[in-house]
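Enquirer: With the sequences and hints as input, model every part of the structure.
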Amino acid sequence: MQVRLDTYDNRWFNPGNPVKRILWYYTNAIFFHSYLFPISGIKVALLKLFGAKVGKGVVIKPNVNIKYPWFLSIGDYTWMGEKVWIDNLCEVRIGSHCCLSQESYLLTGNHNYKKSTFDLITQSIILEDGVWIGAKAVVAPGVVCHQNALLTVCSVASQSLDANSIYSGNPAVKIRERIIKS
Amino acid sequence: MQVRLDTYDNRWFNPGNPVKRILWYYTNAIFFHSYLFPISGIKVALLKLFGAKVGKGVVIKPNVNIKYPWFLSIGDYTWMGEKVWIDNLCEVRIGSHCCLSQESYLLTGNHNYKKSTFDLITQSIILEDGVWIGAKAVVAPGVVCHQNALLTVCSVASQSLDANSIYSGNPAVKIRERIIKS
Amino acid sequence: MQVRLDTYDNRWFNPGNPVKRILWYYTNAIFFHSYLFPISGIKVALLKLFGAKVGKGVVIKPNVNIKYPWFLSIGDYTWMGEKVWIDNLCEVRIGSHCCLSQESYLLTGNHNYKKSTFDLITQSIILEDGVWIGAKAVVAPGVVCHQNALLTVCSVASQSLDANSIYSGNPAVKIRERIIKS
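Protein chains in written order, with this note's numbering: chain A, 103 to 284; chain B, 103 to 284; chain C, 103 to 284.
Don't take each hint at face value.
In silico BS3-like pairs for lysine-lysine, Cα to Cα no more than 27 Å straight-line [said to hold, decoys possible]: (1) K163(B) x K163(C); (2) K216(A) x K122(A); (3) K216(A) x K163(B); (4) K163(B) x K163(A); (5) K163(A) x K276(C); (6) K276(C) x K217(B); (7) K217(B) x K163(C); (8) K216(B) x K283(C); (9) K283(C) x K163(A).
Label-pair distances were calculated between CB atoms; the ranges are [said to hold, decoys possible]: (10) S262(C) x E279(A): 24 to 30 Å; (11) I144(B) x G143(A): 31 to 37 Å; (12) I144(B) x F139(A): 26 to 32 Å.
Treat the hints as calculated values from the structure; they're not laboratory data.
Keep in mind the model is a prediction, meaning the values are calculated, not measured.
Note that beta-carbon positions come from the ideal geometry of N, C-alpha and C, so glycine has one too.
Expert: Printed below as a string of structure tokens:
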């Protein structure tokens, strides 16, 4: 069999009202994925307006890219660095005191590469409290990063990460415990 | 010997009429590498106007970056995801039913690092029908991805990929067969 | 202990006059991190105006992102490719005849992941003469790339690189000598 992208059919996938999606598309382009608004406040307000749950003290740096805010929840005192990309075709739940460093990427979409119809597959991502996703690191669909897990710079989490553990590499493997002191 | 970039000389490299190149530079910036035009139609028409061969049913998402469309050919029903970068200093030939996922990168330029003159080297890339290049994956100069080859998320293809095979890692190695069913 | 980003305190970190930083923020967005100015000359002049030391014959391609030019020095005939990101919270010193290829990234910031206060740590980066940082390669905080070192495409230098040596992988390891002929 061959791949036949002309037979791809994602009509079952309805990520939200089309008008809302278009409004968000340009809101994201103007306010988030740009340098115009370096301050977090207006961006947090816009995220909430479009249905995201956002806690207090959240910091959102410039050039962030968010797919669908109505599938996003963020706890308190969490940071999103420059060029972070939340590519959430479905739910992404980020806890409190998380750091998503520069250009880190949360990926929720996949395709069934065993089917000629290349069916869309979406899987949620969960970051529990205290997680640090390093600069340019990538979290794959379906991954849960348990409390205080740390994914180092440029690493790729294709499996869930244990709590209080440091992962590194592509694919990321556990390299040691993370012990936090005051 | 030392590297001497002041002795670099690429006058032999003539990738096209300078006026055409400047026009494309700004066309790419405004219509492709931006959020202004989420719809594919106008972008396909512009690619053809600048000399690309583009089949039917091609999808081009926002923020795509294409170096020289006159060195580009794309078959039918092929997709280019958000932030795909076709850095084609020379020919890039993409087949039908290919998927280039978000931020995947096709690199055709290299330098002779053994020469103090750091000579430019360009090598074509070919993606045969049904190839899937995963999100943030990279294809190096000279690589041929044979039919239905799959390069996983964040992997780097420095060698050609066999047909119906899945490659992963940096550098990418074959991890298993790709068997496609209807 | 838990991570407590509400207790993060970087008041000791003063990377420059706030007015200068805001002016640079928008200068970077308009002139550097954009497609508006493909020519290097005006960008070199702006870098110098904001305190960078820049030699002769330096080439700066479009979409480059520089954090603080007053912490940057560049020798003669050095190139910065498209989408290069100099994320210099502290000093970055780049020699002469260096090539920073497309989307390569110099990272100077880190956090103390063992402290609930997640303290900021900054470490300088030095690239000596003749260094080549490949496309999409990453140099971590504190790394020194000695003369003519070469970091291949998509590789991650987490340790300093020996002179006249080629490094590859994530993390990068030495794969062979670099011998340069005329």
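Enquirer: What hints, given by number in increasing order, does this structure fail?
Expert: Violated hints (numbers, rising): 2, 5, 9; every other hint is consistent with the structure.
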